[in-house]
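Engineer: Sequence:
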Amino acid sequence: MNDQYTAQIHIKNTRPIKVENLVAFFSAIQKEYNSSVGKDYQKHIDDSIPEIAVSQIESGSQIYELIIVSSLVLYPEILQYTIVDFFIYLQKLLKKFETEEIDDLYCTRKDCKHVKNITDMFADDGNLCLEVETMKNRQPINKIEISNKQGIVVREKAIAKLQSLEAQRINIFENALLQFFQTRNVKGSTPGDKAIIPSISEKPSKILFNDDTLKSSILEENSNIFRNLYRASGTVEYKGEKVKVYNIERIELVNGNDDEYTS
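Note that the numbering used here has the sequence shown beginning at 172, numbered continuously upward.
It is worth saying that the hints were derived from the structure and are not from the lab. It is possible that part of the hints are untrue.
Listed next, the in silico DSSO-like pairs over lysine-lysine satisfying Cα-Cα at most 27 Å (straight line) [stated by the list, open to error]:
hint, residue 1, residue 2
1, 263, 281
2, 263, 202
3, 202, 281
Between the sequences and the hints, there should be enough to build the whole structure, so can you do that?
Structural biologist: This is the structure in structure tokens:
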């Protein structure tokens, strides 16, 4: 019989927790687990699903039990043991958000969203704290605690970092698209003339053209947009800096009809 590894999550609250924040918490745990397991074990266990079961509810404390199950039968002891390693990893991730300055935080937008969702409950209750105890056959192995102070600090930094990453993404998109080169002639122009995009809308995935001829010269029906755009030496140059990558998801005419293009 295989050993069973579980995690008990104690949410110690003094005020009611919003249902959506509780759902977001467990959803983030599940998503972060499924995305991080593959990093440590050189393969993703796509069929693993954290199943959350309420084992007990007491006044001022909600206790949940998390069990990792999978349809995979190969090496079940490895699958079960990942739950212990995962919460050790999660503790390190939260500690990084707590201790590092926002500008020094190296993380993805996905990490920021997961960390924010895990700590959103702290906005509901100024005294809330979390305790996660991993067990083997009901015997404690490891315990991590998220104090109220840590939860609040981590949440604030995750929100700030997410806003910073969103701003960077928009700026890179705009800068990369302000200049590009067309592959075909437009009346009165020569090959390689710069096609200057007059403006970019509030949504960074949209480009505006004010000339139908220019648009039709760049786009061909039923063709990939990248076949009709090229970059000098493989780059776009903007304000003296070369931008190597840009994505185009939507192109439309000013005061014209929308056309969808997905890159």
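Engineer: Which of the listed hints are broken here?
Structural biologist: Per hint list: zero violations.
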